[in-house]
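Engineer: Sequence:
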Amino acid sequence: MKPKRRTEIVSTTGNSHIPDEILFDILTRIPSVKSLLRFRCVSKSFCSIISQSSFTEAHHQKGSSNHLVASFPGRFTRQTLIGNLENEKKAHKNNFQLGFSLFDYLNEPYFLKLLYLVSLNGLICLWNNSNDVAVCNPFTRQHVFLPKVIMTQTVVFNCCFLGLDPTTKKHKVLMAQQFSNSTPHWNIFTLGVDKSWREIHC
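In this note's numbering, the protein residues as written are 1 to 202.
Read the hints as simulated data drawn from the structure, not as lab findings. Given the structure is predicted, the values throughout are model-derived calculations rather than measurements.
Quick list of simulated restraints, FRET-style, between CB atoms:
1. 128 with 48: 31 to 37 Å
2. 22 with 144: 28 to 34 Å
3. 166 with 142: 22 to 28 Å
Backbone N, C-alpha and C fix where the C-beta goes; we use that ideal spot for every residue, glycine too.
When you get a sec, could you build the whole thing from the sequences and use the hints?
Structural biologist: What follows is the structure, given as structure tokens:
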């Protein structure tokens with residue numbers, strides 16, 4: 001019996017390279033963040049594209065028509081809550097499986113002491129009443145803790161906001177602090193630029 005002949009398909013173009021801009025567009029259309037994290041291991045090109053801040057923004061815009069839903073641990077209970085990170089509304093208990101869950105990620109020891117969160121363009125800013133502030137990117141599993149604001153008085157209330165400078169495309173964290181016997185104080189921190197908080201007057 002004659003062995004079967006192996007047939008190989010060879011590209012006639014001589015070039016199988018896909019331009020980065022086409023790969024960029026294809027990858028931004030993948031809805032599952034979990035899949036994107038796996039795709040980073042496919043090649044250096046994939047990893048480079050997915051790690052770009054512009055990719056995170058483009059992927060977020062492509063999916064902005066859908067509700068951004070993620071699970072995260074309840075801070076004062078053992079229940080996992082479902083919330084829309086864009087408007088911070090807690091909704092239903094987790095009784096179904098999500099394509100991507102933030103539960104394990106935000107349950108890391110260095111995040112557990114942070115009580116509050118806001119999100120913008122795929123980034124999450126977390127903080128607590130002790131002025132601990134962290135910004136993380138669930139896409140890349142990267143995070144950074146910001147330096148503490150120097151306090152000369154007792155803080156009775158603080159709150160953080162996450163914004164994007166449309167000119168420089170740099171994300172900024174704005175912190176509002178209310179002291180016991182004074183007007184609110186405002187400090188701002190530009191990610192990737194500043195080494196310390198800058199006080200601003202509003």
